[in-house]
Amino acid sequence: GENVEQHPSTLSVQEGDSAVIKCTYSDSASNYFPWYKQELGKGPQLIIDIRSNVGEKKDQRIAVTLNKTAKHFSLHITETQPEDSAVYFCAARPPAGNMLTFGGGTRLMVKP
Amino acid sequence: EAGVAQSPRYKIIEKRQSVAFWCNPISGHATLYWYQQILGQGPKLLIQFQNNGVVDDSQLPKDRFSAERLKGVDSTLKIQPAKLEDSAVYLCASSLNPVGGYEQYFGPGTRLTVT
Numbered sequence: 097g098e099n100v101e102q103h104p105s106t107l108s109v110q111e112g113d114s115a116v117i118k119c120t121y122s123d124s125a126s127n128y129f130p131w132y133k134q135e136l137g138k139g140p141q142l143i144i145d146i147r148s149n150v151g152e153k154k155d156q157r158i159a160v161t162l163n164k165t166a167k168h169f170s171l172h173i174t175e176t177q178p179e180d181s182a183v184y185f186c187a188a189r190p191p192a193g194n195m196l197t198f199g200g201g202t203r204l205m206v207k208p
Numbered sequence: 005e006a007g008v009a010q011s012p013r014y015k016i017i018e019k020r021q022s023v024a025f026w027c028n029p030i031s032g033h034a035t036l037y038w039y040q041q042i043l044g045q046g047p048k049l050l051i052q053f054q055n056n057g058v059v060d061d062s063q064l065p066k067d068r069f070s071a072e073r074l075k076g077v078d079s080t081l082k083i084q085p086a087k088l089e090d091s092a093v094y095l096c097a098s099s100l101n102p103v104g105g106y107e108q109y110f111g112p113g114t115r116l117t118v119t
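One line per chain: the protein sequences are A and B, in this order.
In terms of my numbering, the first sequence is residues 97 to 208.
In terms of my numbering, the second sequence is residues 5 to 119.
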């Protein structure tokens, strides 16, 4: 089955700096890669996603890049703000069904 | 649009007791998922329903866990008997359908503590 590795497990940045979280996946057939933000006591919230026919997608301060050859994808957050502090999860989905395999999560701390 | 609703939000039980969780998905969402999230880890899929049929339950510990989705809307997840290692947050998610709507929307979860 699919296996997703996520790094780093914790990331501390200064407000205004950029943050990058990286994930690798094992199943080359996976074609959908969402990113979720989870705040304390809440369920994961979808923040951006990318499909395998696209190399990059941007939404305001958030961008995701996908390298299918290397089987890795990354989340980029620019101009970080304290409210960006949360745990971020990447996930991958193979073409059959809609079963997501999640990475282990990255705890992002943005220091004011 | 109302989100995915779950109850209870918190539950504390002793080992060997039974417990049930309830989920109400977003209206019109045909697909419903139950995930287990152990502290410090990513969610792990337990079972996926398409309407009221099971699509995948390969990671559901069937000797103690059961789930149903009667009438293709609400769902319940049951654990009987509970073990200490079942302590986790149980998340319910829903999506339109696997083909047309990939996006999964999560509820707030039920935090289970087994003592």
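If you're looking for bench data, these hints aren't it; they were derived computationally from the structure.
Treat the hints with care, since some could be wrong.
As the list claims (entries may be wrong) - Straight-line C-alpha distance at most 16 Å; calculated EDC-like pairs for lysine to aspartate or glutamate:
(1) B:K48 <-> A:E98
(2) B:K48 <-> B:D61
(3) A:K133 <-> B:D67
(4) A:K118 <-> A:E152
(5) B:K48 <-> A:E152
(6) A:K164 <-> A:D145
(7) A:K167 <-> A:E152
(8) B:K75 <-> B:E89
(9) B:K48 <-> B:E18
To be verified - With the C-beta cut set under 10 Å, the calculated list includes, among others, these residues of chain A facing chain B:
(10) P104
(11) A115
(12) A125
(13) Y128
(14) Q134
(15) R147
(16) V150
(17) G151
(18) M195
(19) F198
Think of the CB as a built atom: it goes at the ideal place given N, C-alpha and C, for glycine as much as any other residue.
Query - Non-conforming hints, listed in increasing numerical order - result: Hints 3, 5, 8, 9, 10, 11, 12, 16 and 17 contradicted; others consistent.
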